[in-house]
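Undergrad: Taken in order, these protein sequences are the chains called H and A.
Just so you know, we're using our numbering here: the first sequence kicks off at 3 and counts up by one.
Just so you know, we're using our numbering here: the second sequence kicks off at 3 and counts up by one.
If you are wondering where the hints come from, they were derived from the structure by calculation, not from laboratory data.
Here the structure is a predicted model, which is why all the values come from computation and not from measurement.
There may be inaccurate statements among the hints.
Each pair may be met inside one copy or between any two copies, as identical chains are not told apart.
Said to hold, decoys possible - Derived DSS-like pairs (lysine-lysine); straight-line CA-CA distance at most 25 Å:
#1 LYS309 x LYS103
#2 LYS43 x LYS207
#3 LYS127 x LYS43
There are 2 protein chains.
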Amino acid sequence: MSGSFEQRLGDLGEQRIQREVLQPRYGGTEGFGDDSAFLAKVDTPSELVATTDSCPTPVVNILREPDLFHAGWLLATINLSDLAAAGAEPLGLVVNYTLPKTTTVREFERLLDGVDACCHEHGTKVAGGDIRDGAGQLTATAIGRCAPGSRLRRSGAKAGDRLLLVGSPGYLWAAALLETGRATLPAAARDEIWQRACRPTAQLKAGQLLAGYARAAMDVSDGLFATVRTLGEANGLGAAVTGEFELDEPLAEVAAQCGLRPFDLAQTWGDWGLVAVVRTEDVKVVEKTLRAESVAVQEIGTLTEDKRLTEGTAPWRGIAQERFSASSWHGGELSTLLTEVLGV
Amino acid sequence: MSGSFEQRLGDLGEQRIQREVLQPRYGGTEGFGDDSAFLAKVDTPSELVATTDSCPTPVVNILREPDLFHAGWLLATINLSDLAAAGAEPLGLVVNYTLPKTTTVREFERLLDGVDACCHEHGTKVAGGDIRDGAGQLTATAIGRCAPGSRLRRSGAKAGDRLLLVGSPGYLWAAALLETGRATLPAAARDEIWQRACRPTAQLKAGQLLAGYARAAMDVSDGLFATVRTLGEANGLGAAVTGEFELDEPLAEVAAQCGLRPFDLAQTWGDWGLVAVVRTEDVKVVEKTLRAESVAVQEIGTLTEDKRLTEGTAPWRGIAQERFSASSWHGGELSTLLTEVLGV
Chain H
3 MSGSFEQRLG
13 DLGEQRIQRE
23 VLQPRYGGTE
33 GFGDDSAFLA
43 KVDTPSELVA
53 TTDSCPTPVV
63 NILREPDLFH
73 AGWLLATINL
83 SDLAAAGAEP
93 LGLVVNYTLP
103 KTTTVREFER
113 LLDGVDACCH
123 EHGTKVAGGD
133 IRDGAGQLTA
143 TAIGRCAPGS
153 RLRRSGAKAG
163 DRLLLVGSPG
173 YLWAAALLET
183 GRATLPAAAR
193 DEIWQRACRP
203 TAQLKAGQLL
213 AGYARAAMDV
223 SDGLFATVRT
233 LGEANGLGAA
243 VTGEFELDEP
253 LAEVAAQCGL
263 RPFDLAQTWG
273 DWGLVAVVRT
283 EDVKVVEKTL
293 RAESVAVQEI
303 GTLTEDKRLT
313 EGTAPWRGIA
323 QERFSASSWH
333 GGELSTLLTE
343 VLGV
Chain A
3 MSGSFEQRLG
13 DLGEQRIQRE
23 VLQPRYGGTE
33 GFGDDSAFLA
43 KVDTPSELVA
53 TTDSCPTPVV
63 NILREPDLFH
73 AGWLLATINL
83 SDLAAAGAEP
93 LGLVVNYTLP
103 KTTTVREFER
113 LLDGVDACCH
123 EHGTKVAGGD
133 IRDGAGQLTA
143 TAIGRCAPGS
153 RLRRSGAKAG
163 DRLLLVGSPG
173 YLWAAALLET
183 GRATLPAAAR
193 DEIWQRACRP
203 TAQLKAGQLL
213 AGYARAAMDV
223 SDGLFATVRT
233 LGEANGLGAA
243 VTGEFELDEP
253 LAEVAAQCGL
263 RPFDLAQTWG
273 DWGLVAVVRT
283 EDVKVVEKTL
293 RAESVAVQEI
303 GTLTEDKRLT
313 EGTAPWRGIA
323 QERFSASSWH
333 GGELSTLLTE
343 VLGV
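So here's chain H without its partners, still in its complex pose (with noise of 0.2 Å):
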């Protein structure tokens, strides 16, 4: 491939793409090629469970130079996330990239390289797929099995149960808040932090723990508030949440550094968390499993018949991003979007 790498996909034509790019990745997986990609043999009774999403810009591609990395390695936890929601352990993964005739194949192998690292650090793969010439797009399907009767719902839930945060949440936004110059930390810890913001992971360890002990589950995509209240509306609840999270150390300096509370920037949505909802007498348990497989676990509050949203005693004022409106991030501009969703 030396010296191709800055031939364009439109003057290699789909043969050429095929031959010279995706056949040396992935002619080892069974299937390659063929019209259905193959997933997996299952022998035990399974429920089986998919989700599709398409890959917005990263973030991170706006606060640096892009990386269609970045793109390729979002494309998949999003996905992987949502399976991660329902409890279930991923079979495989087909992707569908509409890609312009000049992007260049060493931007091509970026996009895949992500894809595909971002799916063996998940213990899963791209089992198929499929490419076409147009303005970019970046779509993923992955599909998944859950042992019958564990399958993780947004419903299900009953007013009492316990609200639990899982995962670290609040690095990619202080990655922007570091990358625009609203705080400053010392490199190392700036590095780290930058680097959980390029590679969010989805929590499918802690959905598969979590499956036959939560009562609902959804991920956290569009924020923290937008998932609560989704999830009470999902079980005709409200929520009150206490307003209180102990942020990862260098996060809560990053948060103090810009006048916001940690529960600020715990609301803030790209770290692919989940919100399980747990009986009150199973949070403890639930808690200590998480916890000695290194899963982050915290309790954010607790579902109500009261069907408003409250943190404290006052109405949540939330942020919550919404699709197909002004307000849609995919539309947003980040400059006024920090300072619409952390004030700042």
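Once you've looked at the hints, dock chain A against the given chain H.
TA: Chain A alone, transformed into the frame defined by chain H:
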């Protein structure tokens, strides 16, 4: 909903689209609204397959007033057709729509009607999906299961194996010839061709019947030539086609009026047939089995040690469309393509 069909998705916003359009239609589907869609419970050992494809602009939407119903129908068919080529039984479809904010509710409902009608026709359903605003793109993923060991692949064929064309080719391009005035037929015949062109079906039943009999299979998505060439390449073989084909009666008439041989029209795409590779000794029983289920099938040639593609005694000069190239259909104009493809 009365009176609101002319509203635009951008005026509704994501939440109202969910509540007013998607919930009434899909609210009864288990898993609707969850992070992951529920596909099926599988109780017997299975090989699971998946395929993903985006929908090009349907040719019928260029020939007459565009209707998103046709795009929805086609989106489902092209994905189910890949399952058919694997001999799989469909478990469900997950859809991923990127639509402009200016899309009206009426247009969106037509799209959903088309996908749902096609899924129903094929005995499957939309299990879930995602929607976002942006430049229009319709993508879907179909997931299916095969009995262990029965899954059809492109590879597995031997020289001397016979090529069977399953399905009735030529409807889409006959419609194009009729609509552009290159041929004329009585209204009833013309209507029937138009209907078939608008509602191509995937050969799911045929694929499942072929599983276990056929040595290899592939669907005809880019024309017969490209399909046979790819099947040959996947097996290190060439092919000798006879160049003879018996079209359905009204299509034969269209071909004749245009000075085309039946085999010319049989080489076009858009009708989602399969090419199945079958051992010589199995041809009769396969043909009988398929015809007993009202599936059209004709032998078209033989795979050969000689890697060339021949038609009769001459090289086969077929039609192939290739993505990421100047001749890509997705960038083509119907008026020039009819001439390029069929020479008329």
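Undergrad: Does each hint hold? Answer for all of them.
TA: Hints, verified against the model:
In this homomeric assembly, LYS309 and LYS103 never come within 25 Å of each other (Cα to Cα): the closest approach is 50 Å inside a single copy and 31 Å across copies. Both within a single protomer and between protomers do LYS43 and LYS207 lie at most 25 Å apart by alpha-carbon distance, with minima of 21 Å and 22 Å respectively. Taking the shortest alpha-carbon separations for LYS127 and LYS43, both the intra-copy value of 14 Å and the inter-copy value of 23 Å come in at or below 25 Å.
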